[in-house]
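Residues in the sequence shown are numbered from 3 upward in steps of one, following our numbering.
Keep in mind the hints are simulated off the structure, nothing from the lab.
For clarity, every value in this text was computed on a predicted model and none was experimentally measured.
Mixed in with the good hints, there may be bad ones.
Said to hold, decoys possible - Now the in silico label distances, taken between C-beta atoms and shown as ranges:
1. Arg231 <-> Ser99: 43 to 53 Å
2. Glu510 <-> Leu247: 33 to 43 Å
3. Arg242 <-> Gln100: 15 to 25 Å
4. Phe194 <-> Gly225: 40 to 50 Å
5. Arg258 <-> Leu85: 22 to 32 Å
6. Arg286 <-> Glu514: 43 to 53 Å
7. Leu144 <-> Glu368: 51 to 61 Å
8. Ser93 <-> Glu368: 32 to 42 Å
9. Arg463 <-> Gly366: 29 to 39 Å
10. Met446 <-> Arg364: 32 to 42 Å
Glycine residues also receive a C-beta, built at the ideal position from the N, C-alpha and C atoms.
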Amino acid sequence: MTTPASGEKLFMRDEGRRARASGPPPDLLERAARRLYILALLYAFIFFMAGLFPQFMDPADRARFTTRFISWGPGSISIAMALLVAGVARSRRLPLSQIMLIGLVFEVVGSYGIAVAEFADPTGLSGDQRLGLSWVAVWVLLYTVVVPNPPRRAVVATLVSVSSVPVVLALAIGEHPVPGLTPMRFFFGLVFPYLLVALMAYVGSRVVYGLGREVTRARELGGYRLIERLGSGGMGEVWRAEHHLLARPAAIKLVRTSDGSDERHHRELQERFGREAQATALMRSPHTIELYDFGMANDGTFYYVMELLEGFDLETLVKRFGPVPAERAVAMLAQVCHSLGEAHANGLIHRDIKPANVFVCRYGREVDFVKVLDFGMVKKRYVDDDDDTQLTSDHAVAGTPAYMAPEQVLGNRPVDARTDVYAVGCVAYWLITGQVVFTGKTAMEVVTLHAHETPVPPSARTELEVPPALEEVVMACLSKNPDERPASADALAAALKSIATRTTWTTERAHEWGDL
3 MTTPASGEKL FMRDEGRRAR ASGPPPDLLE RAARRLYILA LLYAFIFFMA
53 GLFPQFMDPA DRARFTTRFI SWGPGSISIA MALLVAGVAR SRRLPLSQIM
103 LIGLVFEVVG SYGIAVAEFA DPTGLSGDQR LGLSWVAVWV LLYTVVVPNP
153 PRRAVVATLV SVSSVPVVLA LAIGEHPVPG LTPMRFFFGL VFPYLLVALM
203 AYVGSRVVYG LGREVTRARE LGGYRLIERL GSGGMGEVWR AEHHLLARPA
253 AIKLVRTSDG SDERHHRELQ ERFGREAQAT ALMRSPHTIE LYDFGMANDG
303 TFYYVMELLE GFDLETLVKR FGPVPAERAV AMLAQVCHSL GEAHANGLIH
353 RDIKPANVFV CRYGREVDFV KVLDFGMVKK RYVDDDDDTQ LTSDHAVAGT
403 PAYMAPEQVL GNRPVDARTD VYAVGCVAYW LITGQVVFTG KTAMEVVTLH
453 AHETPVPPSA RTELEVPPAL EEVVMACLSK NPDERPASAD ALAAALKSIA
503 TRTTWTTERA HEWGDL
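Take these sequences, add in the hints, and give me the full structure.
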């Protein structure tokens with residue numbers, strides 16, 4: 003039951019999420035922090051080279067410079083402050099929003115540092131030399147276009163920054179009056195030019211910040227907002243995303259359907275990806291990736307919104323940690339079969355089962371929970387190749403060479419559930435040996451080996467124990483003749499269940515591994 007108080011808190015959280023969503027995405031803030039780091043170093047370098055270094059070239063200037071704090075103190079403090087800001091921006095120990103606020107403070111304090119260094123020491127400055135624009139104008143304009151901030155914050159920081167010159171000069175003139183410097187001349191010579199600088203900085207800030215907002219809006223798909231790119235491939239990218247109102251994170255796969263081909267082919271691709279998304283949405287197995295939404299962006303990019311998983315795909319898992327024990331491999335493969343069993347029951351063939359498309363993750367309180375991904379190559383059984391209900395085109399060979407069944411390579415038999423069983427055998431081989439079944443210099447050589455060569459038993463290619471029953475099942479899956487393989491994913495699951503291993507992969511062992 004939701005109480006008014008809890009409902010109010012939920013509304014406030016939603017409002018907070020909407021407020022966060024109105025700003026630039028985190029990766030743009032990351033870039034802004036990186037630019038702040040570079041700008042702070044540039045400030046320190048130029049201040050030293052233009053304000054301090056020349057004073058040491060002439061002995062007379064050096065003696066006068068080093069004996070008066072007003073000459074070297076403001077510059078040294080400003081340089082130290084710039085280096086401190088650079089360190090904060092680089093370390094990222096603070097939230098990005100706080101780093102941006104520190105940057106605005108740096109803009110103001112840095113402006114006063116320049117003004118004090120230029121004008122606080124009246125020695126050698128005539129009244130005319132005090133008029134006009136100084137390095138403060140350059141600094142303020144540079145900061146506002148390099149480090150974007152919301153325009154209101156930017157204009158406040160800019161006005162305070164440009165006030166540094168008239169404020170410092172007013173204090174200096176109070177102690178050392180300048181003959182002939184009337185209030186009118188002071189305003190138009192020292193105040194008005196900096197108001198124009200502030201106006202230019204504000205316009206620049208609005209333009210730059212507006213571009214960032216346009217990027218943010220461009221990354222909004224349906225009710226989701228793209229946050230961080232997780233990976234990319236030949237046809238698209240995968241991003242971490244979040245919903246505008248829901249706290250649930252998601253992964254969005256962007257599929258580029260425009261490849262320079264004609265409009266008819268573009269429409270066919272759109273229809274095909276739509277059918278593939280619908281095929282995935284039909285799945286109810288907990289071991290199949292859950293599809294939340296799909297749609298088309300304004301630029302024609304097709305997108306899938308899926309659950310965001312925490313873990314590794316099996317390719318990464320084995321590369322990083324090595325082959326897995328037989329009992330763990332059996333547990334993982336059984337979960338893969340659960341997903342494929344439902345697909346096969348619905349007349350769908352995955353056709354691209356491989357370690358990269360099988361994800362082992364922490365799912366709620368469970369660890370070593372397997373999810374089958376990427377039904378992008380899915381095909382319906384029992385349809386003619388020219389049937390428009392087919393989900394992927396047969397004009398090209400579908401699949402990944404290292405995991406393709408002989409009938410996929412040769413095209414001499416129809417693709418059915420046993421094709422996926424062959425690929426599961428290849429995945430099992432990878433899990434227990436850390437090696438693919440066949441290797442070759444080219445993709446053609448690899449698929450030729452899959453079509454004609456008998457694989458080496460997995461026990462001969464690993465130091466880990468491989469139970470004879472498991473090896474028998476794997477070799478049966480890898481049979482060239484589909485009739486000699488397990489007839490379906492359900493049949494393979496039953497064969498895996500009957501395998502006796504020396505130890506059992508328990509929930510406790512899975513949690514111990516997951517906590518490493």
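Fill in: Consistency of beta-carbon spacing, leucine 85 to arginine 258, with hint 22 to 32 Å
Violated, at about 44 Å.
Fill in: Consistency of beta-carbon spacing, glutamate 368 to serine 93, with hint 32 to 42 Å
holds, 36 Å
Discussion item. Quick check: does the Cβ-Cβ distance between phenylalanine 194 and glycine 225 fall within 40 to 50 Å?
Written reply: With a Cβ separation near 49 Å, phenylalanine 194 and glycine 225 satisfy 40 to 50 Å, so the hint holds.
Worksheet item: Measuring from beta carbon to beta carbon, are arginine 463 and glycine 366 in 29 to 39 Å?
Response: holds, 36 Å
Item to complete: Using the beta carbons of arginine 231 and serine 99, state whether their distance is inside 43 to 53 Å or not.
Response: Distance hint for arginine 231, serine 99 is violated at roughly 21 Å.
Worksheet item: Should the hint that arginine 286 and glutamate 514 are 43 to 53 Å apart at their CB atoms be regarded as holding?
Response: Since arginine 286 and glutamate 514 have Cβ atoms about 31 Å apart, the given range 43 to 53 Å is violated.
Fill in: Outcome of range test on Cβ distance (leucine 144, glutamate 368; 51 to 61 Å)
holds, 53 Å
Discussion item. Looking only at beta-carbon atoms, does the pair arginine 242, glutamine 100 fall within the given range of 15 to 25 Å?
Written reply: Taking Cβ atoms as reference, arginine 242 and glutamine 100 lie about 22 Å apart, which means the hint holds.
Worksheet item: Okay, glutamate 510 versus leucine 247 on CB: inside 33 to 43 Å?
Response: holds, 38 Å
Discussion item. Given the hint of 32 to 42 Å, is the C-beta distance from methionine 446 to arginine 364 inside that range or not?
Written reply: With a Cβ separation near 39 Å, methionine 446 and arginine 364 satisfy 32 to 42 Å, so the hint holds.
Violation of the numbered hints given earlier is confined to hints 1, 5 and 6; the remaining hints are satisfied by the structure.
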